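Going down the list, the sequences are from chains Z and R. Be aware that the first sequence starts at 1, since it is given in the numbering used here, and climbs by one per residue. Be aware that the second sequence starts at 1, since it is given in the numbering used here, and climbs by one per residue.
Simulated from the structure, these hints should not be mistaken for laboratory data. These numbers were taken from a predicted model, which means no experiment stands behind them. By construction, the Cβ of each residue, glycine as well, lies at the ideal position given by its N, Cα and C atoms. Certain hints may be false.
To be verified - Residues from chain Z that face chain R, not an exhaustive set, calculated with beta carbons under 7 Å: (1) R63; (2) S65; (3) N72; (4) T97; (5) T112; (6) T113; (7) A115; (8) N116; (9) Q119.
Claimed, not checked - Quick list of simulated restraints, FRET-style, between CB atoms: (10) Y239/Z <-> T51/R: 34 to 44 Å; (11) N48/R <-> S150/Z: 38 to 48 Å; (12) A24/R <-> G17/Z: 12 to 22 Å; (13) S276/Z <-> Q16/R: 43 to 53 Å; (14) N130/Z <-> N5/R: 46 to 56 Å.
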Amino acid sequence: MKLGTNDISSVYLGTNGVSKVYLGSTEVWSSYAYLLDDYSGAAAAYSLRQLSSTYTGSAIRVRRSSDNTEQNIGFVNNELDTTTLASFCSGTNGFVTTWYDQSGNGNNATQTTAANQPQIVSAGSVLNINSKPSLLTDGTNDSFTITSISTLSSNYTLFNVGKRSASGVKYFGMAGNTSPGQAHLFWNDNKYYWQKASAYLASNTTYATANQQIMSGVDLQTTANNTQYVNGTVIASTYNAYSFISNFNRLFQLEGSNFTSGNTQEIILWLSDQTSNLSGINTNMNTYYGIY
Amino acid sequence: MESINGYQYQTEQEAQTAQSACNAYYGIPVNDEDVTRNWVGYQFAELNTPTFWYIVYDESLLPVLGSPIKFEVIYPDPF
Chain Z
1 MKLGTNDISS VYLGTNGVSK VYLGSTEVWS SYAYLLDDYS GAAAAYSLRQ
51 LSSTYTGSAI RVRRSSDNTE QNIGFVNNEL DTTTLASFCS GTNGFVTTWY
101 DQSGNGNNAT QTTAANQPQI VSAGSVLNIN SKPSLLTDGT NDSFTITSIS
151 TLSSNYTLFN VGKRSASGVK YFGMAGNTSP GQAHLFWNDN KYYWQKASAY
201 LASNTTYATA NQQIMSGVDL QTTANNTQYV NGTVIASTYN AYSFISNFNR
251 LFQLEGSNFT SGNTQEIILW LSDQTSNLSG INTNMNTYYG IY
Chain R
1 MESINGYQYQ TEQEAQTAQS ACNAYYGIPV NDEDVTRNWV GYQFAELNTP
51 TFWYIVYDES LLPVLGSPIK FEVIYPDPF
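With the rest of the complex left out, here is chain R (with noise of 0.2 Å):
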């Protein structure tokens, strides 16, 4: 189990939300041909009860999503 900085959602919907109004702030992708895609990426907790998915903050996302919070994320064991 890890402590993690960043922001919380109950679904994948609201994930998907939160990482488009990153990409609409910074303007991603700013070509077509670019590789990058989006300005942040989202996770799931998959090992957690209940699941959930969520952003690890970054300074840049501070205008975006607002304060980040503290959560608990179960991580698998390496072996």
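One chain only, chain Z, in its complex shape (with noise of 0.2 Å):
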């Protein structure tokens, strides 16, 4: 909403801000800061906070093991509903079989196999991480999959929120399933590395952590030796030659046998250069999550 040619950024009922501004029933302005609405044009986004104004679907799917019966489960204000989720679990474990992807090209992340789905609620309780839910994966076999993405001839931006379990674990988002696969992963040996089509970055130092963390890379087809980032901030790396097959067809799950042991908690692909646009995404995403 404008007020002449300015963006109102701010809404105060006398010294009250307020969240929404409606029309009627219309909702003209929102404090929200939509971020597919800022930074369109995504191939694949998965998130647990609505991401779109447009997106009118569902969050996620989540089969309650009480029953193993499955209900779709949406957003209120633009985040979450975590009261219809406890409430459908009901006391007991929550997994989820389908994360919908709100980018508009229908890609949605599916798991069939009841074994294999991230958990969402465990005994009733939405497993948040700084008081956001997540997606947990256990490391084992906990995966989705997805309509194959070919990145074979253009740029990408990949953008992952989330946390490893632990110091020394392997942690990962968007992935190639065929061996040897591209993605952007925090490994086992503690070292970043952004598989790209032609190379791969390794960063130089280890690193111990298991805090929550943006992690984002872009791939220029022209370029060789591409940057990765953690929370905004440049990972030195040295760059290796190497054959990267060029599709992402797989959440958590790299290679046929590397997972995920971590929370998730949004995972966005952009075939595109978003090098400009990289610091108003973390931004973005920060001012949701408050990671750093």
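With the hints in hand, could you dock these two chains into one complex?
Below, the structure is given as structure tokens:
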């Protein structure tokens, strides 16, 4: 909403800030910044918050352990509807069968095998990281399948919000499941790896942290030595020429036998160079998740 | 090579039979429109000689498949 030609960044009723303004029943202003409204064109976008003002679908589909029935869970005020989620699971465990794609491309992430489904509710409690819901993957077999996305002939930018379960375990989001596969890895040697089409970058030092973080990287087809980032900061890395299979077809599973151990809240892929938007995207994510 | 605690089968048909037994025990799928189609998955140890199929142990499998065994599976090198 604008006042003249100026965007309105905040609205007050007396001295109290308001989060939304309605004209009749139509929302005309919100203090919440939809990530994909500001940075459009994502190829796939998975999150436990609403990323686009035009997305009308659910966030996830959940199987409860008490009777294995499933139900879609949507959003309330742009956040996962945790009230409905907790009520549905009713003191038992909840596992995610589908993480819906909010990009508009319909590339929903699914897991048809119960034993391999990431967990979101434990004994009736939503699994939060830093007070926001997250998906827990066990590092053994939990993963999602997505329709293969080729990066063979395009630049791409990949973002991931989450944390690994402990220092020295494998953590990653979107990946290729045929060896050698693409991914942005926080590996069990405590180094970061950006495995892209024609090379991999390996961080020069090790990082013992298991804190929540924003991992990102950009692959430019015409540039060999690109950059990997954590929380918007460049990770000093060494370039190694290598040829990876140029597609993504899994979340949390790499090259068949490697799985993520940790919690994840958001994974977004753009098949384009988002270098100029990296700062803005990081700010949007950090404003919501409060990571650094 | 990694040590696996689970169930080992010489043929894919045997692995499918074990999978079906788990589905029947847990009533999967509950509804036709459900995403969940199987209780547990099986994998192919293609780099082992001889090759075999296997299911990774989970405590939910104990009443259906019985006690697991330990065996080695060869995985491909990451790169």
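Going down the list of hints, with the structure as the test:
1. For the restraint placing R63/Z at the interface with chain R, the shortest Cβ-Cβ distance is roughly 5 Å, inside the 7 Å limit, so the hint holds.
2. At its closest, the beta carbon of S65/Z sits 9 Å from a beta carbon of chain R; the interface hint therefore is violated under the 7 Å criterion.
3. Hint status for N72/Z: violated, given a least beta-carbon distance of 10 Å to chain R, over 7 Å.
4. Because the closest C-beta pair between T97/Z and chain R is about 4 Å apart, less than 7 Å, the hint holds.
5. Checking T112/Z against chain R by beta carbon gives a least distance of about 4 Å; that is within 7 Å, so the hint holds.
6. Here the hint on T113/Z is kept, as its CB sits about 4 Å from the closest CB of chain R, short of 7 Å.
7. Look at A115/Z: its Cβ gets to within about 5 Å of chain R, closer than 7 Å, so that hint holds up.
8. The closest approach between the C-beta of N116/Z and any C-beta of chain R is roughly 6 Å, which is under the 7 Å cut-off, so the hint is satisfied.
9. With a cut of 7 Å, the hint placing Q119/Z at the interface with chain R is violated, because the nearest CB-to-CB distance is about 13 Å.
10. The hinted window of 34 to 44 Å between Y239/Z and T51/R holds, with their beta carbons roughly 38 Å apart.
11. A beta carbon spacing of about 31 Å between N48/R and S150/Z contradicts the range 38 to 48 Å that was offered as a hint.
12. For A24/R and G17/Z, the hinted distance range of 12 to 22 Å is not satisfied, since their beta carbons lie about 56 Å from each other.
13. At about 51 Å, the beta-carbon gap between S276/Z and Q16/R stays in the expected band of 43 to 53 Å.
14. At roughly 34 Å, the beta-carbon separation of N130/Z and N5/R lies outside the given 46 to 56 Å, and the hint is violated.
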